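**Q** Here is what each chain is made of, one letter per residue.
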Amino acid sequence: MNGEVNRRTILKGFTVGIFGLGGVISLGNFLEVLTFPNGQKVALAKGVILVDKSLCSGCRICEMVCANFNSAGRNAASLSRILLEKEYLGGDYQPKVCHQCADPPCLKVCPVTALQVDRQKGTYARVIDERACIGCQKCVEACRQYFRPSRPRFDVQKNRAVKCHLCFGDPQCVKFCPLGVLRVERSEKGLLVGYPVIKED
Amino acid sequence: MAPSGGWVGKILRVDLTNWKISEISTFDYVPKFLGGRGLGAKIYWDEVPPEVGALDPENRLIFATGPLQGTMAPTSGRFMVLGKSPQTAPTESFCRSGVGGHWAPELKWAGYDALIIQGKSPKPVYLWITDQKAEILDATRLWGLDTYRTQQMIWKLHGPKTRVMVIGKAGENRSRIACILTDSGDASGQGGFGGVMGSKNLKAIAVRGTGSVIVARPKELMEITHRIQSLFSRKSLKSNPYQPEEKGFKYNIWGGGYGRGSLSLLQGELLDLCQDPSSGYSQTPEGCFACPVSCRSHVKGPDIIKGVAFCAQSYMYLESLVHQPEKGYSKITWQAAKLADLYGINAYELMAIIPWLADCFREKLITEEGTGLPLKEIGSWNFISKLLHQMAEREGFGDLLAEGGQRAAAKLGGKAEKLSQMYYPRAGKFGGYREHWVYLGGFPTGYAVPPLALMWVLDNRDALVSHSFISMLWGAAFTIGQNALTAVPEKIFPILKPVMKAAYGSAEAAEFFRADGKSLNWKWTAPVVKRYHEHSLLKDSYIVCDILFPYLFNANSSDHVGDSTLESRLYSAVTGMEMSLEESYKKGEMLCTLERALAVRDGRTRKDDILHDLYFEKEDAGGRKYLREDLERSKSEYYSRMGWDVKTGIPTASTLEQWDLKEVAEDFQRRKILGQRS
Ligand code: SF4
Ligand code: SF4
Ligand code: SF4
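Line order of the protein sequences matches chains A and B. Residues in the first sequence are numbered consecutively from 13, following our numbering. Residues in the second sequence are numbered consecutively from 99, following our numbering.
Worth flagging that the hints you see were computed from the coordinates, not collected in a lab. Careful: at least some of the hints might be erroneous.
[As the list claims (entries may be wrong)] Straight-line Cα separation of at most 20 Å, SDA-like style, residue types lysine to any residue; simulated pairs: (1) A:108 - B:116; (2) B:336 - A:192; (3) A:65 - B:341; (4) A:65 - B:404; (5) B:221 - B:116.
[To be verified] Heads up, incomplete: computed chain B residues facing chain A, CB under 8 Å, no partners named: (6) 169; (7) 217; (8) 281; (9) 282; (10) 312; (11) 336; (12) 341; (13) 343; (14) 382; (15) 383; (16) 385; (17) 392; (18) 398; (19) 402; (20) 605.
As the structure is a prediction and not an experimental result, all values here were calculated from the model. Here a beta-carbon is modelled for each residue, glycine too, at the ideal position from N, C-alpha and C.
From just these sequences and the hints, can you work out the full model?
**A** Spelled out as structure tokens, the structure:
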């Protein structure tokens, strides 16, 4: 297991080019499911959003379309599942996406298994079943250990967590980003992405 | 029908004299007055009588968003600043000023549609507004700091996600041409509201909201947004953010021949540096909130002030290009603009003041000794840094210039005043605003276009700030491979015809001079300008972008006809209230009459709707002239179409009644200024 990860961590170096930290490797069919030392198996996501921040204009459409689409018309940056970190005077704009981690810290901590792999839509994204979520925010905390700000977010009004679910396979933020900063990488074989390939962002 | 989205429902009132904060309901004003400019005009009508001076504590400083702010609606980052303007000259009067950037959505998410600031604090303060509450906080330590530094201090206290509207030295010293700035350069410039803010001892307004704005029909909003995006822009090429991925797409006019970031740096030293990847300098697209175009760019480098570059502001010191022609647009050009931003001086005014000073110096009306300025070196860093310093601190001659170019010229009088008319076209008691395409520097340069003259005499500030009309002319020029400066009018008429027909109801309106080539065609001037004003009021009230809406010219379709339904459809999707195009134009007309009433109450009549003689004396590049009789005839037609008295230009009692503006009619009666039924 460790050997595999190390090899891939090196491979990662080749993909960290223009797409920055969203290092991605598409794997052969033998690894569609990652087995962890504790025996838990998590199927790899078949899609992930990649970012080329050098193109970003900081317009925040990605955030707004996400909230509008996924929170039933409640337009708010605080509800967006993609987060734009902006340094306004310096002009440094960084959209932070959910990496759909191979070994998702959020999924593993959820006490009620509200966090699941979306097999139904075929994206294998790590999604929150809103009917099951009890709003304990453990997923938010778990993600924050590695990725800041945490990608799952807390919807105060509804008292439950929300996170990127790749919009049932048709990511709206990607569609609406006017500059082409965001792109989707897909692989039927699964993608080894996020934690533990990258451990911070 | 009650709205089910858009407005968040509360307006915050801050009385700085007594440090009292209260709230009123937005629904006392909307949907009737929409938001932004319409909402602000109504608040102004109710609260700022003509007796109140612009820098008096009793003046109101109004920050108004509209129903679209805080949603994903394209270009919804904007808001309006309104109040009695210290810049309008010689009579202070109502003015509005739009601001882009990212401040407006935060205010909505914090729970407020608008702010009304009144009174004067006994000591310097700033306002901190977050999630349904507001506090007045001590700003003693912020007073005197530049606009960037002040924001950095506030971010330290309230977090970097806080957006701040701030004044610099110029505003603190109550300059009549001070701006209120946010982030790295977005600002409310025209109107001089920075001086109003300074007169209230208010240094900054910091907002941060984590709430939301409800959109009534989210799916529909996405559909319209998608349509707007596909009309306005294409994704960028990976190697070059300024080029569209898809070949053959010409963008909208504000991308035009220039690509995305149309308002970016001009040729020269700085652009060369930015294009050299190893230099450490760069220029990248910079978007206002939710904007698909990003007309502006962010410029940075190791030894320059970082920030956003856009029209007017970054072209403020073009004299430096003449001073050092081999360098073109240089670091000095850029630093001058940024220095004005740091002091919080309206760059657009400087674009009148600097050339006017050069004229006066050439004519020996002012001297280096008398002004304390190195006037021999206009265009140099030495000159501009001294000038801006003097103006911001109101030192020496700068004290006079801080009053604005027109007031300064009036003080000098004689020939100096006469020379200033070149830069300040509107005569009468309600001028004070720099030329903006009226004629001499207009489109196509040197060509007289009758609607531009009528727009100019009627506006409360510089006209043409609503760029829709000019966008069509430019679009047509680009289409036949000409630029705005060299276009030959005859050649663009055929392209403009279907566009003008769709936008203004007449193909003939495209022909702005007659077949003989010698005389101007004024026939369609009044109806075109009336529709232009309706468009302008609407986009400033919903609020969408000044330069992108209404979308009248499509560079990519064969007939070039745009789509003027976009704004009203956004409004309907967000608020859940139907708004047909016809209905929206009626609303625009009503708001236009209300704005006129504000100026009338401050003393404006038909006599003030005039241009200086100079604009009738000069021939344009085709040997044509604006004739005073023609302009006067178009004015009469415009007034009568608007239901204003033709003799005085004052809205009649029946018109005010028709628009349900009884309070205005009653006030006019009391003040004995009501126009006769025409
Ligand atoms: S907040 Fe919801 S999804 Fe997250 S860990 Fe708790 S129950 Fe699971
Ligand atoms: S893919 Fe969908 S859910 Fe994920 S960040 Fe983009 S818009 Fe939001
Ligand atoms: S929509 Fe695209 S350009 Fe705009 S902030 Fe998001 S990633 Fe950047």
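**Q** Each hint needs a verdict: does it hold in this structure or not?
**A** Hints versus structure:
no.	hint	result
1	A:108 - B:116	44 Å, violated
2	B:336 - A:192	8 Å, holds
3	A:65 - B:341	16 Å, holds
4	A:65 - B:404	18 Å, holds
5	B:221 - B:116	12 Å, holds
6	169	4 Å, holds
7	217	30 Å, violated
8	281	4 Å, holds
9	282	5 Å, holds
10	312	6 Å, holds
11	336	7 Å, holds
12	341	11 Å, violated
13	343	6 Å, holds
14	382	7 Å, holds
15	383	4 Å, holds
16	385	3 Å, holds
17	392	4 Å, holds
18	398	6 Å, holds
19	402	12 Å, violated
20	605	33 Å, violated
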